[in-house]
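Protein chains in written order, with the numbering used here: chain A, 174 to 404; chain B, 174 to 404.
Honestly, the hints are just simulated from the structure, not real lab data.
Take the hints with a grain of salt, since some may be wrong.
As the list claims (entries may be wrong) - In silico DSS-like links for lysine-lysine, alpha-carbon gap of 25 Å or less:
no.	chain 1	residue 1	chain 2	residue 2
1	A	Lys344	B	Lys207
2	B	Lys207	B	Lys252
3	B	Lys238	B	Lys218
4	B	Lys252	B	Lys344
5	A	Lys344	B	Lys261
6	B	Lys344	B	Lys216
7	A	Lys252	B	Lys344
8	A	Lys238	A	Lys252
9	B	Lys225	A	Lys344
10	A	Lys238	A	Lys261
11	B	Lys218	B	Lys207
12	B	Lys207	B	Lys225
13	A	Lys207	A	Lys218
14	A	Lys344	A	Lys252
15	A	Lys261	B	Lys207
16	A	Lys261	A	Lys344
17	B	Lys252	A	Lys261
18	A	Lys252	B	Lys252
19	B	Lys238	A	Lys202
20	B	Lys261	B	Lys216
21	B	Lys238	B	Lys225
22	A	Lys218	A	Lys238
23	A	Lys207	A	Lys238
24	B	Lys261	B	Lys344
25	B	Lys310	A	Lys261
26	B	Lys310	B	Lys225
27	A	Lys207	A	Lys225
28	A	Lys225	A	Lys238
29	B	Lys344	B	Lys310
30	A	Lys261	B	Lys344
31	A	Lys225	B	Lys344
32	A	Lys310	A	Lys225
33	B	Lys310	B	Lys252
Claimed, not checked - Quick look at which bits of chain A chain B covers, simulated, 3 or more residues with Cβ under 8 Å:
no.	stretch
34	227 to 234
35	263 to 273
Built from N, CA and C at the ideal position, the CB exists for glycine as well.
Take a look at the letters that make up each chain.
There are 2 protein chains.
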Amino acid sequence: MITLYDLAITDDVRPSPFCWRTKFALAHKGLAWKEEPVGFTDKDKIAFSDQKLVPVIVDHAHADKEVHDSWDIALYLDKTYPDRPLFKSEQEQAFARFTSHWTGLVVHAGIFPLIVDDLYARVRPQDRDYFRESRAKRFGTDDFEAVQATARETRLAAFRQSLEPLRQQLKAGPFLGGATPAYADYTAAGAFLWAHGASPFALLDTGDSVISWRDRVIDFYGFGQRAVAAT
Amino acid sequence: MITLYDLAITDDVRPSPFCWRTKFALAHKGLAWKEEPVGFTDKDKIAFSDQKLVPVIVDHAHADKEVHDSWDIALYLDKTYPDRPLFKSEQEQAFARFTSHWTGLVVHAGIFPLIVDDLYARVRPQDRDYFRESRAKRFGTDDFEAVQATARETRLAAFRQSLEPLRQQLKAGPFLGGATPAYADYTAAGAFLWAHGASPFALLDTGDSVISWRDRVIDFYGFGQRAVAAT
Numbered sequence: 174m175i176t177l178y179d180l181a182i183t184d185d186v187r188p189s190p191f192c193w194r195t196k197f198a199l200a201h202k203g204l205a206w207k208e209e210p211v212g213f214t215d216k217d218k219i220a221f222s223d224q225k226l227v228p229v230i231v232d233h234a235h236a237d238k239e240v241h242d243s244w245d246i247a248l249y250l251d252k253t254y255p256d257r258p259l260f261k262s263e264q265e266q267a268f269a270r271f272t273s274h275w276t277g278l279v280v281h282a283g284i285f286p287l288i289v290d291d292l293y294a295r296v297r298p299q300d301r302d303y304f305r306e307s308r309a310k311r312f313g314t315d316d317f318e319a320v321q322a323t324a325r326e327t328r329l330a331a332f333r334q335s336l337e338p339l340r341q342q343l344k345a346g347p348f349l350g351g352a353t354p355a356y357a358d359y360t361a362a363g364a365f366l367w368a369h370g371a372s373p374f375a376l377l378d379t380g381d382s383v384i385s386w387r388d389r390v391i392d393f394y395g396f397g398q399r400a401v402a403a404t
Numbered sequence: 174m175i176t177l178y179d180l181a182i183t184d185d186v187r188p189s190p191f192c193w194r195t196k197f198a199l200a201h202k203g204l205a206w207k208e209e210p211v212g213f214t215d216k217d218k219i220a221f222s223d224q225k226l227v228p229v230i231v232d233h234a235h236a237d238k239e240v241h242d243s244w245d246i247a248l249y250l251d252k253t254y255p256d257r258p259l260f261k262s263e264q265e266q267a268f269a270r271f272t273s274h275w276t277g278l279v280v281h282a283g284i285f286p287l288i289v290d291d292l293y294a295r296v297r298p299q300d301r302d303y304f305r306e307s308r309a310k311r312f313g314t315d316d317f318e319a320v321q322a323t324a325r326e327t328r329l330a331a332f333r334q335s336l337e338p339l340r341q342q343l344k345a346g347p348f349l350g351g352a353t354p355a356y357a358d359y360t361a362a363g364a365f366l367w368a369h370g371a372s373p374f375a376l377l378d379t380g381d382s383v384i385s386w387r388d389r390v391i392d393f394y395g396f397g398q399r400a401v402a403a404t
C-alpha cells in the first residue's frame, strides 16, 4: 500500500495537476494507494519529506520509503515496480519530460489566470491568506477577480490556440501516446482536471477534441466520478 | 542508393526544414543518398510523385519506390530498413509526432516572419514571382521587408520565450531524446537549420542553450560543413 499526500482545496476538491500525475501513474501501474489530504497550511503533515510541495508518497511495502516530486515518483515507481512500465526506453522518458515541460509552460501558465479567482473562492477559510499572499507574488496584485476577468477577456483565444499541438496529435489516435494513454496524457490531462475540479469556467469550446480526449483519459482508469464530484 | 529531391533556393542553399528531417533520418539509419535540387518552379522534376511538395525520395534498391512527405518517409525507412530504428515503440513515434506538431506550430510559425525578406532575397530570379505570390497569401501582403522588420521589432522576445520547452528539456541531457539524438531533435533542429541557411539574423541570444544543442545535432552526423556553407 502507498500513501499519497494530496493537495486539498477543500476535503473533496483535490485539483493539484501534479498530484493528478501521480494518481494516473499509480493507476497505470495497477498499484493501490490511499490519500491523505493536505491543505495549503497543513504542510506540517509532509514535514518528514524535508520540503513543502505535494505530491509526496510513502511506500509502506518498502520500509515507508518517502518520495516527493511527481517526476521522481514516476521514476521511483518504474524502478521499484517494473511491471506495467510508464517508460520502456530513454525516448519514452524524453517524451514524458517534453510534454511535462510544455504542459507547465503553456497549459498551466495559460489556465492559471483564467481560473485564479474561482480557485481563491474555493480555498478553505484557514488557507485564504496563504493563497492570496503566495499567488499575489505571481500576478503582482491580489485582485484576482480583475486578473481573471482580464484574462478571460484578452487571453482566452490565444490559450485555446496554444493547445493546437494536442489537437494535431489526437488526429492520429485516441491518446497522446497512441492507442493507449502514456505519461504525456497524464501530464496534460492533469492540467485540465485542475481547472475542471476548481472552476465552472468553459476553458474550451464545446466540440473541441481536447474535451473528448480529457474525458477518455479520465474514464480510462475510472476517475470519472471523482472528476465530476469535484466540480 | 536513395535519391532525395531537396528544395533549392539557390543550388547551394537548401534550407527546407522538412528536407532536413529526411536528411537526418537517412543519416540516423546510416543510409547513403544523393540529392537532386528542386527550385520552387522546378516542380516538374517531382511530377512523378503526383504532388508538389518536397521532400520526395526514390529508393533505387526497392524498384525505384517513391515516397513523399517527411513523416511518411521516416515510417517507410524504418519499415524497409529495420536496422537503427528511428522509432522502437508506439510512444517513441508519438514523441516524434508531438514534437513535429509543436515545431510546425511554434518554431516554424515563429521563425517565418522573422526571416521572410532574407529568404526572398536569396530565391533564384526565376522563382521570385512564385515565392512572392505564394507567401503573400500567408501574410496578407507582399511587402516582406515590412513584415520582417515589424516581426523583429515586436515578436522576437515572444519567439525566444516560446522555445523554453527546448531549454528545459536540454537540462536533462545533450539531446531532446536524451543521450543520443532522436527524431524530435531532427525536427526541431531542421527549423533552426532553415533559418541558419537562409538568413544571417540572430534569432537567438548568444549563450542560449538552444544554439549549442543545434550545433551538437548538426555535428553529430557531420553536417557542420554544409550548414556553414549554406550561410
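So, going through the hints one by one against the coordinates:
Restraint check for lysine 344 (chain A) and lysine 207 (chain B): not satisfied, since their Cα atoms lie roughly 34 Å apart, outside the 25 Å limit. A C-alpha spacing of about 21 Å is found between lysine 207 (chain B) and lysine 252 (chain B), which places the hinted pair at or below 25 Å, so the restraint holds. Straight-line distance between C-alpha atoms of lysine 238 (chain B) and lysine 218 (chain B) comes to about 16 Å, which keeps the hinted pair within the 25 Å bound. In summary, the hint linking lysine 252 (chain B) to lysine 344 (chain B) is not supported, as the alpha carbons are separated by about 33 Å, beyond the 25 Å threshold.
Between the alpha carbons of lysine 344 (chain A) and lysine 261 (chain B) the distance comes to roughly 21 Å, so the proposed pair stays at or under 25 Å and holds. Taking the CA atoms of lysine 344 (chain B) and lysine 216 (chain B), the gap is near 42 Å; set against the 25 Å cutoff, the hint is violated. For the given pair, lysine 252 (chain A) sits about 22 Å from lysine 344 (chain B) by alpha-carbon distance, which is consistent with the 25 Å threshold. Annotation: proposed proximity of lysine 238 (chain A) to lysine 252 (chain A) holds, straight-line Cα distance about 13 Å (limit 25 Å).
For the hint linking lysine 225 (chain B) to lysine 344 (chain A), the alpha-carbon distance of about 23 Å falls within 25 Å, and the restraint holds. Taking the CA atoms of lysine 238 (chain A) and lysine 261 (chain A), the gap is about 24 Å. The hint holds against a cut of 25 Å. Taking the CA atoms of lysine 218 (chain B) and lysine 207 (chain B), the gap is near 15 Å; set against the 25 Å cutoff, the hint holds. Annotation: proposed proximity of lysine 207 (chain B) to lysine 225 (chain B) holds, straight-line Cα distance about 20 Å (limit 25 Å).
A distance of roughly 15 Å separates the Cα atoms of lysine 207 (chain A) and lysine 218 (chain A); the hinted pair therefore holds under the 25 Å criterion. Between the alpha carbons of lysine 344 (chain A) and lysine 252 (chain A) the distance comes to roughly 33 Å, so the proposed pair goes past 25 Å and is violated. This hinted pair does not check out: lysine 261 (chain A) and lysine 207 (chain B) have alpha carbons roughly 35 Å apart, beyond 25 Å. For a cut-off of 25 Å, the pair hint linking lysine 261 (chain A) to lysine 344 (chain A) stands: about 24 Å separates their Cα positions.
At roughly 21 Å between alpha-carbon atoms, lysine 252 (chain B) and lysine 261 (chain A) fall within 25 Å of each other, so this suggested pair holds. A C-alpha spacing of about 32 Å is found between lysine 252 (chain A) and lysine 252 (chain B), which places the hinted pair above 25 Å, so the restraint is violated. Of the supplied pair hints, the one linking lysine 238 (chain B) and lysine 202 (chain A) is violated, its CA atoms being roughly 43 Å apart against a limit of 25 Å. Taken as a hint, the lysine 261 (chain B) and lysine 216 (chain B) pair is broken in the structure, with Cα atoms around 35 Å apart against an allowance of 25 Å.
Between lysine 238 (chain B) and lysine 225 (chain B) the alpha-carbon distance is near 17 Å, which keeps this suggested pair within the 25 Å criterion. Distance restraint check for lysine 218 (chain A) and lysine 238 (chain A): the Cα-Cα separation of roughly 16 Å lies within the 25 Å cut-off, and the hinted pair is therefore satisfied. Only pairs whose Cα atoms come within 25 Å are accepted, and lysine 207 (chain A) paired with lysine 238 (chain A) is accepted, the gap being roughly 15 Å. The hinted pair formed by lysine 261 (chain B) and lysine 344 (chain B) meets the criterion: a straight-line CA distance of about 24 Å does not exceed 25 Å.
Distance check on the hinted pair: lysine 310 (chain B) and lysine 261 (chain A) sit about 45 Å apart at the alpha-carbon level, beyond 25 Å; violated. With a C-alpha separation of about 17 Å, the suggested pairing of lysine 310 (chain B) with lysine 225 (chain B) holds against the 25 Å cut-off. About 20 Å separates the Cα atoms of lysine 207 (chain A) and lysine 225 (chain A), which keeps this hinted pair within 25 Å; it holds. Only pairs whose Cα atoms come within 25 Å are accepted, and lysine 225 (chain A) paired with lysine 238 (chain A) is accepted, the gap being roughly 17 Å.
At most 25 Å may separate the alpha-carbon atoms for a hinted pair to count; lysine 344 (chain B) and lysine 310 (chain B) exceed this at roughly 39 Å. With a C-alpha separation of about 21 Å, the suggested pairing of lysine 261 (chain A) with lysine 344 (chain B) holds against the 25 Å cut-off. Between lysine 225 (chain A) and lysine 344 (chain B) the alpha-carbon distance is near 23 Å, which keeps this suggested pair within the 25 Å criterion. Taken as a hint, the lysine 310 (chain A) and lysine 225 (chain A) pair is honoured in the structure, with Cα atoms around 17 Å apart against an allowance of 25 Å.
In summary, the hint linking lysine 310 (chain B) to lysine 252 (chain B) is not supported, as the alpha carbons are separated by about 38 Å, beyond the 25 Å threshold. Note: the stretch 227 to 234 of chain A has 0 residues with beta-carbon separation from chain B under 8 Å; the three-residue rule is not met and the coverage is violated. Coverage of the stretch 263 to 273 of chain A by chain B holds [criterion: at least 3 residues with CB-CB distance below 8 Å; count 9].
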